[in-house]
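Hey, can you work out the whole structure from these sequences and the hints?
Here is what each chain is made of, one letter per residue.
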Amino acid sequence: MPIPPNEALRVTIKAGVERGKPIRFLFDGETIAAYEGETVAAALLAAGRRVLRTTPITGTGRGIFCGMGVCFDCLVVIDGEPSRRACMIFAREGMRVESQLGFGAAS
Amino acid sequence: MTAVEKADLVIIGAGPAGLSAAIEARRAGVESVVVLDEGIAPGGQIFRRYGPGFSVTDARKAGHEYRDGQSLIDAARASGADIRSGTIVWGAWERTLAYVTDETRSGAIEARTIVIATGARDRAVAFPGWTMPGVMTAGAAKTLVAIQRVLPGKRILMAGTGPLCLAFSAQLREYGANIVEVVDAAPAPGVSDLVQLGLNGNPSVLMDAARYRARLFAQRIPFNHATMIVRVEGGAEVERAVVAKVDRDWRLIPGTERTIEVDTVLLGYGLESNSEMSRLLNCKQRFDRTGGGWLPERDAQMHTSEPGIFAAGDGGGVGGSRSALQQGRIAGIAAARELGAISFETAEARLAGPLRSLRRIDRFVSALNRIYRVGPGLYELATPETLVCRCEERPQSDLEVMIEEGVRDLNSIRARSRIGMGRCQGRNCASHVAATIARLTSRDVSQIPPPTVRPPLKPVPVGAVAEQRHQHDAPTQIE
Amino acid sequence: MSDILGSADVAIIGAGLVGCSTAYYLAKGGCDVAVIDRNGINREASGANAGSLHLQVYIHPHFPDDWIDRIRPTIELMREGQKSWATMEERLGADCGIHLGGGLWVAENAEDMKLIEKKVVAENALGVMSEVHDRAGILQRAPYLGEHVIGGSFLVGEGYANPLLVTPAHVSAAKSHGARFFTDAPVAAISKEPNGFVIETGRGRFRAGQVISAAGAWTAPLGRMVGLSLPVTGSVAQVSVTDGHPDIMRDHLLQHVGLGLTLKQSRQGTYIIGGGWPGLYDRQRDRKNPGYDSIVGNAWVAARTVPDTARANLVRSWGGMGSNSMDGLPIIGESSAVRGFHVVYAPLGFTMGPITGQLFSEKFLTGDASLPIKPYTPDRFLDRAA
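Protein chains in written order, with our numbering: chain A, 1 to 107; chain B, 1001 to 1479; chain C, 2001 to 2386.
One should not assume that every hint holds.
With a straight-line Cα cutoff of 30 Å, these simulated DSS-like cross-link-like pairs (lysine-lysine) come out [as the list claims (entries may be wrong)]:
hint, chain 1, residue 1, chain 2, residue 2
1, A, K14, B, K1061
2, C, K2192, C, K2374
3, B, K1154, A, K14
4, C, K2083, C, K2118
5, A, K21, B, K1154
6, C, K2114, C, K2083
7, C, K2083, C, K2374
8, C, K2028, C, K2363
9, C, K2192, C, K2363
10, A, K21, B, K1061
11, B, K1245, B, K1154
12, C, K2175, C, K2083
So these bits of chain A aren't anywhere near chain B, every CB distance computed over 12 Å [claimed, not checked]:
hint, residue
13, D28
14, E30
15, V77
16, R96
17, E98
Example chain C residues on the side facing chain B (calculated, C-beta under 8 Å, incomplete) [what the hints assert, rightly or not]:
hint, residue
18, G2047
19, A2310
20, A2312
21, N2313
22, L2314
Keep in mind that the hints were calculated from the coordinates and are not lab data.
Keep in mind the model is a prediction, meaning the values are calculated, not measured.
Even for Gly, the Cβ is constructed at its ideal location relative to N, Cα and C.
Right, dumping it as structure tokens:
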């Protein structure tokens, strides 16, 4: 059964623009339903996942802060590559996203 | 330095200022106009396009700035300017600019003239809990909602200042967001303030503000003046916010704290210019308290202190998109004249209109900026444990110890404490650090120079930077 | 200048690592010492280098054949210096960011491997027990190395420190023993008087019984003020640093024989990329700036030698005024032509700074140094015109 995208935080679009086609990607092993055209950050936010990483020194959670690629807080591991900005990268079908713990694991 | 490419005019940034500069320069007959822009598509922040996948079915209903942005982008493309998206300018030597495209390829371009149109960013504010997921800038929320069509949270507090804060809250509500409260740190504008605004500008903008205010009122969304965020609390994410009344300097009035149950706090405390590029290019700077901080000095025709280098739009001083459009036109025309593409007379004739429009817009913007100027209290919210440097996780106490030990300039503080050494390169903390130094040493922020800017201007992958070498050299020994 | 800045028995001119470590040892030994600098502490090469702590001989294919012979005396200094680094944090009671995971030199071709072998022979003869490794061997030590590396040498005990912490740590320790520091006081003139020296600075006149030049790249102009020729020339080198990534370099110091590279990974996971790449000097603003070709070239060598660095982001770069003496050797001791005027200078100023300051101070305080420093006397330049 297809998993419907979480609609609670998605804006109900009345007119003018249409979302891209539904896609699915993984976040820490769980399937996240999204739409093409959404950034990884937006899709995760819509799915209620706001903690994107934990910091190296204090181990505290971070998520979206500036939303425009300046603050480098929204870092996640994408397809094995650490320190990718979730707000700048569009979600793709089958993408493997993981929350980044500290610096991320060595390859 | 081996520059691969040459251009008559390189414009850094494809927002309203950059695009309108490109249009005017091409119109004036400048042959090679190259626009280097970081975004995946032109438009900057205010005219940001939808992500690939979304389709616009009706431009008139596609969003507030969508149509204006699209016609500007179309005109810029049609003008024959070479717009390169996904391109980060990371270094500058004289007028040669080094860039990385798509995080993988690199190159350099030697420009006869340059227009810096790097825009602005949301002001970061340090308070206890500001690093928690759920706290984001108003700009981040705007992009999420308008471009991604995702709401920032379930229960939202908008904490900021000025009519943009008001307008955006009303817009958010229209998208279906649950705005629990809006707090503006500035006092309610007095009669004289309103008169100033009315005299100096476009009354319709004031009418818009009144309309937005009315809409919030109709929705029963509480709107409180002279109120500011104090701290945010929760486990792993935001669970509640504490606000308090403030005086005219935005200092907390004791005994006025109250708690609001929210999961999201948006920070709308104004914008700061992305003036780092102008500093990298050695443009003389001035400090503008209400206009976005450290800015390049410019004359009426957007010329900076450096020959052949212009600055237009929010990157030269925060003024909004209408101002940016006119400034961009002026810079494009002035650059064309400098290149000899048009005569002085033609340039004067073309400059007259935009200069006139700009004067009118700027009077209004200046009045607005003055009324909603940031108070010093904004930088006094951090407690000793509050992380002042998000990137390197350094607390306020580290900063204060440095200052007490006599370390009082931003470069030395960065060297000794790591504050400002992280990926954001000080963009989130420089103003707070400067304000703290000023406060603790009884100086004015204008007396504390900004940190020295060196390449790379933005983080760029080592592999991408090195790629330029692969293009041209076989591995050789170093001479 | 009629203002009086101060006075001291000993005035050290230059608040870099050499000057501040000298101040520490002299003050600890009971001297009344003041340090004068035209700017703040640690402002020049001491604070702008890449933090490498060398013990293996620095080699390059373009160096002359007798290079190792020429610098052989300094290897002993470096060996003592290594002990100094290993005990520094305890001695000063401060964090200096010192990590000594071992040092590697790597080669990409047979000629460069021969240089490494020659180097190791010379080092072993002097008690520096580096080892030669083929590709398999070096990869075992350093699995992070790229495909072009065919072998190299490894030495236990090399590593790196944090230049931003080392000099300030010496300053704090020096102050705790009574040393005084006068910053933002550019020296315009030094005159010898019967009872000592008068130093004219931008903040006033300073009187000192004796003067020690610890001016690094500015040793020559300072020497000229008292009529001495001290042939030291400056040159700008640059460093870049990345953002933080998972640790793979095990606190190593990595160097490349044929191409310019020093590489290490800090505790914060950042890669620090150096190797003597030339920077740019903006004489008008006295700024040492990184240049484009050097940033690109340095990044290229880093990425081919340690492929993991390719995906790290460059975040900062800067330049610093390095220097060398005419013969590549330190200058340590009192001038017999200008009694009471002393020179402390180290060409590899970061690595050799503390030991140089220590040896000078031993000689100054007791008349004897724990290692022979006669070859480094400033008098060897007396035949030259200032």
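Hints, one by one, checked against the model:
1. A:K14 <-> B:K1061: 9 Å, holds
2. C:K2192 <-> C:K2374: Satisfied, since the Cα-Cα distance of roughly 25 Å is no more than 30 Å.
3. B:K1154 <-> A:K14: Status holds; Cα separation ~20 Å.
4. C:K2083 <-> C:K2118: The given pair, whose Cα atoms are some 25 Å apart, holds under the 30 Å limit.
5. A:K21 <-> B:K1154: With a Cα-Cα distance of about 25 Å, the restraint between K21 (chain A) and K1154 (chain B) holds, given a limit of 30 Å.
6. C:K2114 <-> C:K2083: Between K2114 (chain C) and K2083 (chain C) the Cα gap is close to 29 Å, so the pair holds against 30 Å.
7. C:K2083 <-> C:K2374: 21 Å, holds
8. C:K2028 <-> C:K2363: Distance of about 14 Å is within 30 Å: holds.
9. C:K2192 <-> C:K2363: 22 Å, holds
10. A:K21 <-> B:K1061: Within the cut-off at roughly 20 Å; holds.
11. B:K1245 <-> B:K1154: 25 Å, holds
12. C:K2175 <-> C:K2083: Measuring from Cα to Cα gives roughly 23 Å; hence the hint holds.
13. D28: 14 Å, holds
14. E30: 17 Å, holds
15. V77: 16 Å, holds
16. R96: 19 Å, holds
17. E98: 16 Å, holds
18. G2047: 7 Å, holds
19. A2310: 3 Å, holds
20. A2312: 5 Å, holds
21. N2313: The hint holds - N2313 (chain C) has a Cβ within 8 Å of chain B, the shortest such distance being about 4 Å.
22. L2314: 5 Å, holds
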